[in-house]
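Asks: If you want the building blocks of each chain, they are given just below.
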Amino acid sequence: MTAENQTKKLSIIAFSGDFDKLTAAFTLATGAAATGYEVNLFFTFWGLDAIKIKQGRSPVGKGFLSKVFGIMMGGLKSSPVSRLNFFGASPKIFRYLMKKNNVATLEELVEAAKQLEINFYACEMAMHVLGLQKSDFIPEIKAVLGVASFLKLSEGGQTLFI
Amino acid sequence: MTAENQTKKLSIIAFSGDFDKLTAAFTLATGAAATGYEVNLFFTFWGLDAIKIKQGRSPVGKGFLSKVFGIMMGGLKSSPVSRLNFFGASPKIFRYLMKKNNVATLEELVEAAKQLEINFYACEMAMHVLGLQKSDFIPEIKAVLGVASFLKLSEGGQTLFI
Amino acid sequence: MTAENQTKKLSIIAFSGDFDKLTAAFTLATGAAATGYEVNLFFTFWGLDAIKIKQGRSPVGKGFLSKVFGIMMGGLKSSPVSRLNFFGASPKIFRYLMKKNNVATLEELVEAAKQLEINFYACEMAMHVLGLQKSDFIPEIKAVLGVASFLKLSEGGQTLFI
Numbered sequence: 001m002t003a004e005n006q007t008k009k010l011s012i013i014a015f016s017g018d019f020d021k022l023t024a025a026f027t028l029a030t031g032a033a034a035t036g037y038e039v040n041l042f043f044t045f046w047g048l049d050a051i052k053i054k055q056g057r058s059p060v061g062k063g064f065l066s067k068v069f070g071i072m073m074g075g076l077k078s079s080p081v082s083r084l085n086f087f088g089a090s091p092k093i094f095r096y097l098m099k100k101n102n103v104a105t106l107e108e109l110v111e112a113a114k115q116l117e118i119n120f121y122a123c124e125m126a127m128h129v130l131g132l133q134k135s136d137f138i139p140e141i142k143a144v145l146g147v148a149s150f151l152k153l154s155e156g157g158q159t160l161f162i
Numbered sequence: 001m002t003a004e005n006q007t008k009k010l011s012i013i014a015f016s017g018d019f020d021k022l023t024a025a026f027t028l029a030t031g032a033a034a035t036g037y038e039v040n041l042f043f044t045f046w047g048l049d050a051i052k053i054k055q056g057r058s059p060v061g062k063g064f065l066s067k068v069f070g071i072m073m074g075g076l077k078s079s080p081v082s083r084l085n086f087f088g089a090s091p092k093i094f095r096y097l098m099k100k101n102n103v104a105t106l107e108e109l110v111e112a113a114k115q116l117e118i119n120f121y122a123c124e125m126a127m128h129v130l131g132l133q134k135s136d137f138i139p140e141i142k143a144v145l146g147v148a149s150f151l152k153l154s155e156g157g158q159t160l161f162i
Numbered sequence: 001m002t003a004e005n006q007t008k009k010l011s012i013i014a015f016s017g018d019f020d021k022l023t024a025a026f027t028l029a030t031g032a033a034a035t036g037y038e039v040n041l042f043f044t045f046w047g048l049d050a051i052k053i054k055q056g057r058s059p060v061g062k063g064f065l066s067k068v069f070g071i072m073m074g075g076l077k078s079s080p081v082s083r084l085n086f087f088g089a090s091p092k093i094f095r096y097l098m099k100k101n102n103v104a105t106l107e108e109l110v111e112a113a114k115q116l117e118i119n120f121y122a123c124e125m126a127m128h129v130l131g132l133q134k135s136d137f138i139p140e141i142k143a144v145l146g147v148a149s150f151l152k153l154s155e156g157g158q159t160l161f162i
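Residue numbers (the working numbering), protein chains in the order written: chain R, 1 to 162; chain X, 1 to 162; chain Y, 1 to 162.
Bound conformation, chain R alone:
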């Protein structure tokens, strides 16, 4: 067994809900999975946007303040770009450029991630803070995990915080 044949693993803590950072997370995840890596995606805080069922600014979760956060978080289609936003223009320009240049869009990358059997996990703590339930997420979520469990899963591989 050479090092090449050993388990290759990439784990990503998807913290940001920004369009460009989510795109980077899914590009890395799918690129790795396509070349034989075991890939774990752990969605936390704003990153939970990416796996919410209800897209658009509909209130999910319970409790007034959680609802306020839910509305502010929006969803995949309303993810801001971290650096430039201009009242929502930049994500549209990004999508346009990605389409035009034959690069996978974020929705396509999410779809590819499902097909490539990338492991999706949701962060228990962030769900508590934001008042979200497992039922608020897409069914591909394999489990709701705490930090310790996720770190254990990601041992022996490369781990990124995005």
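Take the hints with a grain of salt, since some may be wrong.
Repeated chains share a single entry, so a pair holds when one copy, or any two copies, can fit it.
[Said to hold, decoys possible] Simulated pairs of lysine-lysine, PhoX-like, Cα-Cα distance not exceeding 20 angstroms:
(1) Lys142 x Lys152
(2) Lys114 x Lys134
(3) Lys152 x Lys9
(4) Lys114 x Lys8
(5) Lys8 x Lys152
Since the hints were made in silico from the structure, they are not lab data.
Given the coordinates of chain R, work out where chains X and Y should sit on it, guided by the hints.
Replies: Okay, now just chains X and Y, sitting in the frame of chain R:
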């Protein structure tokens, strides 16, 4: 000795001073330490906020411009949230939600980190830039380190930049 | 061969174009290289700013929208600071403090990175999205890579997303 029994190590470069990112850093750190990891926290740039003694917007450090930066940096209680700030409202909402949902607040996480004997280090270079001294920080800071020393400490484990 | 003598490797995905984050990336990279690490820098999205030849807000790339992005991206000298910008004042204050306190400025760090033979790579996907060519970059770029190739290069070391 199985892989499970070998040293488990998590090292975090705490660069951001944003409330949500600091919360993520301390949640990961304490979660790891609580399950037997050796944890190294290396505070640099805005992350140095988290370990400053004088909380509130009091000028620390020497030199006028360093003071301006010190005032802008504020401290733990005035950390902005990376994505949403609304004139300081979001950190308060966050704290409220954390309290309400029985999740540890940032101050509690910092306290837990001390109890769990997580290693706190301050970045020498950033301290020079910002005009900060070791005496500006909480006494739990184990050492002031350069990049090379920190990388050496973090070898063989997982390292995150937050 | 002890663990100390084995290959020490640091790989950085330089995603951000913010002045402070680029400074952190180059500080880590040069600090590691100076102590014997193999260092790989993979520039993607806004991070591509750091390796563009034409500094200043001149339009590079082809296509109108790509040009708009090019102008918005600017270049190394116009990189905003992630947390505080104030119409471009903060990078200048940062530079001033770095000079005054005898800390290497970003340009000096980039120069040092070249001298230390740090490996510079550009992200193929981001170049497609932003309409950039290899000829838009400094000649030190070793190769244009996809995600899978970069991950393979960074295996067995520490990898950071900045």
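Asks: A separate judgement is required for each hint: does it hold in the structure or not?
Replies: Verification of the hints:
1. Only within a single protomer do lysine 142 and lysine 152 lie at most 20 angstroms apart by alpha-carbon distance; the minimum there is 16 angstroms, versus 27 angstroms between protomers.
2. For the homomeric pair lysine 114 and lysine 134, the shortest alpha-carbon distance inside one copy (17 angstroms) is at most 20 angstroms, but the shortest distance between copies (32 angstroms) is not.
3. In this homomeric assembly, lysine 152 and lysine 9 come within 20 angstroms of each other (Cα to Cα) both inside a single copy, at 12 angstroms, and across copies, at 11 angstroms.
4. Taking CA atoms no more than 20 angstroms apart as the test, lysine 114 paired with lysine 8 passes inside one copy only; the shortest distance there is 19 angstroms, against 30 angstroms between copies.
5. Taking the closest pair of Cα atoms, lysine 8 and lysine 152 come within 20 angstroms of each other both inside a single copy (15 angstroms) and across two copies (9 angstroms).
Violated hints for the displayed structure: none, as all numbered hints are satisfied.
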